[in-house]
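Asker: Single-letter residue listing:
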Amino acid sequence: MSFRTILRTGDTGSLDRGHVREAVIRLRDRKRAEAGAPPSRYRYRPGTGVMIARERPIVPYGTSEALPDGGDEGEEP
Amino acid sequence: MRRKPAHAQEAPAVPRRGLFSVPAPYDASVFINCPFDAAYRPLLRAIVFAVQDCGFMPRCALEVHDSGEVRITKIMRIIRECRHGVHDISRVELDSASGLPRFNMPLELGLFLGAREYGVGLQTQKRCLILDQVPYRYQVFCSDLAGQDISAHGGSLELVVTAVRDWLAAWLCDSGVTVPGDAHMCERFREFSSDLPVLCRDLRLEPDRLLFAELRTLVQEWADQNA
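Protein chains in written order, with the numbering used here: chain A, 1 to 77; chain B, 1 to 227.
With the rest of the complex left out, here is chain A:
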């Protein structure tokens, strides 16, 4: 995908949103890590470098504990 493309959902040429979104998320997560806050729910899809949104942890009704995240998808390549 080229860095600069026609915006898909607007009526003007602009930056590619995917690149911008990844840059914003990287910066946000770095700042959160520096501040000791939990990282975002966004991770890289393994092997592709594509940002994906990881689902919220599943919390059984009536408990405060999240079920363990069993899959390895979402880890940074």
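Do not rely on the hints blindly, as some may be mistaken.
[Claimed, not checked] List of simulated lysine to aspartate or glutamate pairs, EDC-like, C-alpha gap at most 20 Å:
| id | chain 1 | residue 1 | chain 2 | residue 2 |
| --- | --- | --- | --- | --- |
| 1 | A | 31 | B | 187 |
| 2 | A | 31 | B | 195 |
| 3 | A | 31 | B | 191 |
| 4 | B | 74 | B | 214 |
| 5 | A | 31 | B | 224 |
| 6 | A | 31 | B | 202 |
The set of hints was computed from the structure by calculation and includes no laboratory data.
Place chain B on chain A using the hints.
Answerer: Below, chain B alone, put in the same frame as chain A:
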């Protein structure tokens, strides 16, 4: 807080020619009429940020670079596609190069007010915010506006954010949508301003040479990911 309000109706305008032309909804579009020089750039960023953070689509004459479209035709088209308009008429100083004042902002304000007065349908529902640097100064250089309520920002970024936020929030309240207060929005704008150089470095952009469309995209993504 809703970033992309569903209160917006479909744009009545004819879609622009070209690939992927999808005009923003009329109710959600805010026409920004202000100076575009380097000195004003921080204030333009503040306006764009406040408009976006309230869930609206900032638009201005700089959003399209198309030598095939006559400039005044482009401006009139954008005005027609926007329900809201922010007009900063504070640039009354003489241009250092020509020694003459700039009349673009009052002209575009006149087009906007004319569309509301003489237009039909949704055009008559246009609403605008007029900004100046100094209170009541406009009564001297543009006395026909003496009956309007005009907000003075004094060149302050916080006052610009607050003025735009309050103006859009007042309209949103009628739709049952609330937005955070001005102190919160000003804090977010300060955070965005400190993030912008880092983001630009990451994206190999120059912060002082951002196109309007690039600035808008950066603001939109930043606001979405830092909601």
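Asker: Compare the structure with each hint and give your call.
Answerer: Hint check:
Pair hint residue 31 of chain A plus residue 187 of chain B holds up; C-alpha atoms about 16 Å apart against a cutoff of 20 Å. A hinted pair counts as satisfied when its Cα atoms are at most 20 Å apart, and residue 31 of chain A with residue 195 of chain B qualifies at roughly 10 Å. Between residue 31 of chain A and residue 191 of chain B the CA atoms are separated by roughly 11 Å; this keeps the pair inside 20 Å, and the hint holds. Simply put, residue 74 of chain B and residue 214 of chain B have alpha-carbon atoms about 19 Å apart, close enough for the 20 Å limit, and the pair holds.
Of the supplied pair hints, the one linking residue 31 of chain A and residue 224 of chain B holds, its CA atoms being roughly 16 Å apart against a limit of 20 Å. Distance hint between residue 31 of chain A and residue 202 of chain B is fulfilled; the C-alpha atoms sit about 15 Å from each other, no more than 20 Å.
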